[in-house]
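A.B. asks: This is what each chain is made of:
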Amino acid sequence: MTKLKILLAASIVLAPLGAETTVIRNATIMTVTKGTVKGSIVVKDGKIAEVGEKVMEPAGAKIIDAGGQYVIPGIIDCHSHIAVDGSVNEGSVSVSSMVDIKDVINPEDIAIYRALAGGVTTANILHGSANAIGGQTLVLKMRWGRDAQGLIFEGAMPGIKFALGENPKRAGNPQGGRGATTVEARYPATRMGIEDTIREAFNEAKAYKAEWDAYNAKAAAGERLIPPRKDLKLEPLKEILEGKRYIHAHCYRADEILMLMRVADDFGFKIRTFQHVLEGYKVAKEIAAHGAGASTFSDWFNFKVEAGDAIPYNAAIMQKYGVVVSMNSDDAELMRHLNTEAGKAMRYGGVTETEALAMVTLNPAKQLGIENRVGSIEAGKDADLVIYDKYPLSDFAKVQKVLIDGNLYFDRDQEVTGRAAKQAEKQRLLDKEKQEQQRQQPQRRPGA
Amino acid sequence: MAVRNARIVTVSGPVIDKGTVVLRHGLIEAVGENVAVPPDAMVVEGEGLTVYPGLVDGLSTWGMPGAAPATAPTTAGRGGRGQIATTPLTPATPATPAAPTAPAATSTRVRGPEDRPATTSWVKAADEISPTDRRIETARSAGFTTAVTFPTTGIFAGQGAVIDLLSGQKAGEMVVASPAGQYISLTRGGGFGGGGMGGGFPGSLMGVIAYVRQIYLDAEHYKLVKEAYARDPRGMTRPEYDRALEGVLESKQILLPANRLVEIDRMLRFAAELKQRAILYGAREGYRPEAADLLKKARVPVLMSLHWPEAPRDANPEDVDSLRTLETRDQAASAPALLKKAGVQFAFYSDGLEQPRDLQRAVKKAIDAGLSRGDALRALTLSPAEIYGVADRLGSIEKGKIANLVVTKGELFDDQTRVQFIFVDGRKYTPVVETPGTGGRGAAAEGPGVNQ
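Line by line, the protein sequences are chains A and B.
All letters in the first sequence, in the order written, are residues 3 to 450 by the numbering used here.
All letters in the second sequence, in the order written, are residues 13 to 464 by the numbering used here.
Keep in mind the hints are simulated off the structure, nothing from the lab.
It is possible that part of the hints are untrue.
[Claimed, not checked] Here are the simulated DSBU-like pairs of lysine-lysine, each with C-alpha atoms no more than 30 Å apart in a straight line:
1) A/Lys-434 with B/Lys-377
2) B/Lys-377 with A/Lys-232
3) B/Lys-377 with A/Lys-428
4) B/Lys-235 with A/Lys-232
5) B/Lys-238 with A/Lys-232
6) B/Lys-287 with A/Lys-220
7) A/Lys-428 with B/Lys-353
8) A/Lys-424 with B/Lys-238
9) B/Lys-376 with A/Lys-434
10) B/Lys-376 with A/Lys-428
11) B/Lys-235 with A/Lys-424
12) A/Lys-284 with A/Lys-211
13) A/Lys-211 with B/Lys-235
14) B/Lys-287 with A/Lys-246
15) B/Lys-287 with A/Lys-104
16) A/Lys-104 with B/Lys-235
17) B/Lys-235 with A/Lys-220
18) B/Lys-287 with A/Lys-211
19) A/Lys-36 with A/Lys-392
20) B/Lys-238 with A/Lys-211
21) B/Lys-377 with A/Lys-436
22) A/Lys-232 with B/Lys-376
23) A/Lys-434 with B/Lys-353
Quick caveat, the model's predicted, so the values are computed rather than measured.
Using the sequences and the hints, build the whole thing.
C.D. replies: This is the structure we're talking about:
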């Protein structure tokens, strides 16, 4: 038992937290911002200290020999729903901005570890798309083994999910007929209604903001007043109006993308990213002009009518028009091979290797406003690094090691060698339970 | 009434190998080795018997009409999207004849927090007691003389009461202390585009948390406005009376559910954010060292479910549980010993168990996993009394305290031990023969929402 505990503990946090100095040697380093170099990376105090062909190796540093291997910046997924306890949708209302993913982080979701094993070090954890205005979102680092607070990307701007099209209007059209649920229809049921819902919410938020601004001004002037009622639904919308919260908007069709940008212009806020944005290639110029990012799939579409007019060239075309483009997963499984999703952008649309890699590293970092911390391999940035055995933008590449803040959070060798012991422990517990049940059986039914 | 020549386990003091307890007017008049039996006393010969303080169920629905067993359901622990907690709010089979406790807060569709969904914070258990609840007699036969009983329907279910498990008395006589805190549950069904149970907000765990947070913000604001109005009503719009907020404001402590380590961490932070004195209930993963550390640091007491997790019966043999689930079933009962060692204040609660044999087995399991007999007894007597602030009248055999006693032949919690008498408020009861046919499991174990 004790042996296993040690083993489990070891596999949870592979490295001590007070990060040591590490040197990754002999690697092919794809920095994203400074080209590809063959050389070493020095990691100190959780940050990248030096990158280059020749580096000053500090005495006593831990050496990782990555001969013949590749290092890329940790992959960033701009759209994920892992690590959430309970439903990712507060689907009862069309404006669910009062709920916050931060309240339901589940640091023990195995999907975190699996994402790590796919090279993901940071993910934007979003509320679902059941509502025109959804819940509050946040950025996590995949620090497997840490508690909920330990996962939070310190200082990253919080976000909120918006959703357009079929999903948010679906609850307005509960299916009738046999076996229909008795759930009452929820406004809106159309795309027009979605626009109206968003406008109404921001009208409310503007009035709310005015009420608070007036109060704050009077209070600052020394007047003693009862503050207005704090409304958790309107607080995040007020933050949007104040530029303190990013909007990540789920969308597919060109018309709804244009609609949301018009609404944003009317109320004076910005859309930070369009998510999925499968028809983005039709309105790339307008998206670029608004200053929004686009986070899309490589070739995942046709799963419903509104996702039908999609092409695999979407990412490349939007990028050509000057949009910051990323590839996201929206899925715990796809999340494990975002490197190949980036690779597909090279095949479809012919973006360069660096541009493709940027779509899962630097670009999502820009979209989340964390590019000063992560997204490329540069001195001063967080030591979030992934070591692959082969060329990373390929199906054949396997993640060997993942570092976050300079700490080793995934090690393929340790994972593989540790499996036998975990399996044995599982079998031991199963056998023990079986024995226990057999022992109690006769007591329970005394020959009745 | 006096029990003489018995072994007396006082809990608060040393064990008296041979002594006498004198009861009068429902109170303990005297206890000790050399206490004289008053001439007018009815004498119970205690030779070969042991006297313990009456057991206290730290979180109960005994005496609540039509109540579900108070459990701390767990949210989905693994997997990515779409996992929802599905524990129903109401039991499939009420343990007692149903009575109208759940006001129609959810009968019309709830649009948002302003409709105060699933909230009956003003309901007081003390006002709802059903003295004819058959579970009272069953539980008393297991040695329970007291229960801290709560309404458990809804998110803010209502306020508990410490009650003595009397039979044939008026409900008011049973109440020892009220209110005992607000019972909060965080479970509602929900899903994509649909509402929760009965429709409407909130339909997800994060929705429930947001709702609870909004209620406390509203309560704080309500208090400010009311106070201002009380100071000078002239020229001020009269604040609307809100019974939901009144109920929240008068609750001096809250009970929050937390089974998994992640939930313990989450609820400790939540309680601190709400600035409420909290008690956590459930604590299934209390065996994990991090849990004890967190609880110790936060100085929050824990109510531990005696309904230890078990392998599901008739499970699909193809389904193999995760290592964590297996580990939890293997080690859950070691939590009390570990919490004790860490210095965390804890008490046990029945969590749907009520048959004496089940309760005895459940406590024995914790003892076998390292908890001392004395500490097991304390977790069912003085500790719950301390947690609810009634240790001045309950929880130990001391002069002046309420005359709640259990008299056994043999050590309490042993397999062969039989309860001989139970004294509640000085009234003597004899245990009923255990209801046959339950197969040694609590009736509620088949119901939904139990600790599994």
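A.B. asks: Look at each hint and say if it fits the structure.
C.D. replies: Now for the hints, and whether the structure bears them out:
Between A/Lys-434 and B/Lys-377 the CA atoms are separated by roughly 15 Å; this keeps the pair inside 30 Å, and the hint holds. As the CA atoms of B/Lys-377 and A/Lys-232 are separated by approximately 48 Å, the hinted pair breaks the 30 Å bound. With a C-alpha separation of about 22 Å, the suggested pair B/Lys-377 and A/Lys-428 falls inside the 30 Å cut-off, and the hint holds. Annotation: proposed proximity of B/Lys-235 to A/Lys-232 holds, straight-line Cα distance about 13 Å (limit 30 Å).
Between B/Lys-238 and A/Lys-232 the alpha-carbon distance is near 16 Å, which keeps this suggested pair within the 30 Å criterion. Under the criterion of a C-alpha separation no larger than 30 Å, the hint pairing B/Lys-287 with A/Lys-220 is consistent with the structure, at around 28 Å. Note on A/Lys-428 and B/Lys-353: the hinted pairing holds, with a Cα-Cα distance of about 27 Å set against a maximum of 30 Å. Simply put, A/Lys-424 and B/Lys-238 have alpha-carbon atoms about 60 Å apart, too far for the 30 Å limit, and the pair is violated.
Between the alpha carbons of B/Lys-376 and A/Lys-434 the distance comes to roughly 19 Å, so the proposed pair stays at or under 30 Å and holds. About 25 Å separates the Cα atoms of B/Lys-376 and A/Lys-428, which keeps this hinted pair within 30 Å; it holds. In summary, the hint linking B/Lys-235 to A/Lys-424 is not supported, as the alpha carbons are separated by about 55 Å, beyond the 30 Å threshold. Distance restraint check for A/Lys-284 and A/Lys-211: the Cα-Cα separation of roughly 36 Å exceeds the 30 Å cut-off, and the hinted pair is therefore not satisfied.
Under the criterion of a C-alpha separation no larger than 30 Å, the hint pairing A/Lys-211 with B/Lys-235 is consistent with the structure, at around 23 Å. A threshold of 30 Å between alpha carbons decides the hint, and for B/Lys-287 with A/Lys-246 the separation of about 26 Å falls inside it, so the pair holds. At most 30 Å may separate the alpha-carbon atoms for a hinted pair to count; B/Lys-287 and A/Lys-104 meet this at roughly 19 Å. For a cut-off of 30 Å, the pair hint linking A/Lys-104 to B/Lys-235 stands: about 28 Å separates their Cα positions.
With a C-alpha separation of about 21 Å, the suggested pairing of B/Lys-235 with A/Lys-220 holds against the 30 Å cut-off. Annotation: proposed proximity of B/Lys-287 to A/Lys-211 holds, straight-line Cα distance about 26 Å (limit 30 Å). For the suggested pair A/Lys-36 and A/Lys-392, the alpha carbons sit about 20 Å apart, so the restraint of at most 30 Å is met. Under the criterion of a C-alpha separation no larger than 30 Å, the hint pairing B/Lys-238 with A/Lys-211 is consistent with the structure, at around 24 Å.
Distance check on the hinted pair: B/Lys-377 and A/Lys-436 sit about 17 Å apart at the alpha-carbon level, within 30 Å; holds. Pair hint A/Lys-232 plus B/Lys-376 does not hold up; C-alpha atoms about 50 Å apart against a cutoff of 30 Å. At most 30 Å may separate the alpha-carbon atoms for a hinted pair to count; A/Lys-434 and B/Lys-353 meet this at roughly 26 Å.
When held up to the earlier numbered hints, the structure conflicts with 2, 8, 11, 12, 22 and fits the remainder.
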